[in-house]
Amino acid sequence: MAAAQGRLSDGAGGMDERKETGGDSGQGGAGGAPPLPFRAAVEALRGARLRTQIEVDPAPAPKRLAPYAYALEAAVVDGEEDLADGRLVLLYDPDGHDAWRGTFRLVTLVRAELEPEMAADPLLPDVCWSWLTGALAARGLTYGEPSGTVTRASSHYFGGLSARPAASQIEIRASWTPREGLGGAPDAAAHLVAWSDLLAQVAGLPPAAAGDASVVTLPQRRGPQSR
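Residue numbers (our numbering): 1 to 227.
Because the hints were derived from the structure by calculation, they are not lab data. There may be inaccurate statements among the hints.
Label pairs and their computed distance ranges (CB to CB) [as the list claims (entries may be wrong)]:
1. H156 <-> D78: 24 to 30 Å
2. A190 <-> D95: 22 to 28 Å
3. E43 <-> H156: 32 to 38 Å
4. E117 <-> A163: 17 to 23 Å
5. P207 <-> E55: 18 to 24 Å
6. G181 <-> P146: 14 to 20 Å
7. Y157 <-> P94: 17 to 23 Å
8. R173 <-> P94: 23 to 29 Å
9. T52 <-> S154: 29 to 35 Å
10. P165 <-> R101: 41 to 47 Å
11. G159 <-> D78: 28 to 34 Å
12. G183 <-> P146: 20 to 26 Å
13. F158 <-> A137: 39 to 45 Å
The model shown is predicted, which means the values in this text are computed figures rather than measured ones. Heads up, the beta-carbon is just placed ideally off N, CA and C, and yes, glycines get one too.
Please model the entire structure based on the sequences and the hints provided.
Okay, structure coming up:
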């Protein structure tokens, strides 16, 4: 098991934004220390214990969606090969957000390679979404306002690249509002563990324990992808 780490930001933006935020202070535009609920949630994320196949690294926290943000990147690793990867961002707005119906929001991106036949299954998007909601439910987590997309893409190669096999990828983008507990902070560590369960499931790993049984099993996974 490895402790998660990440990077603070004084703002929040799109999931694909890659700019550094100028340090790990987590201070808002007006300066000063981040609010206590945000600091408590971040410390919980940093202390979460994840299964050893999941490697977690700091990520530049995006800007402009909230006054405070914290970001992690993770990959499911088998030797020197990645089976899946993803990003998790914790957003915090002390004034609350009408669309979130809360002060915190978790935003994620998860990706993995699949067999082309699997990607063609019309039920695949519903199955992948059930993995997310099932992972949260399996950890006993309460949340609101879930939203997201499941995208599948296929690549076919021609001409000088025709020797390459067709490749398909599944991508889950989602966000949800974690229930706030005592002190105004959610159980961020439990949400991170549930997210890591989703990442492991997309990668095709077996459940870490008997109580972590999958909602749906994904057969015919593509072999490990080179890092």
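If you check each hint against the structure, which ones fail? 3 and 7
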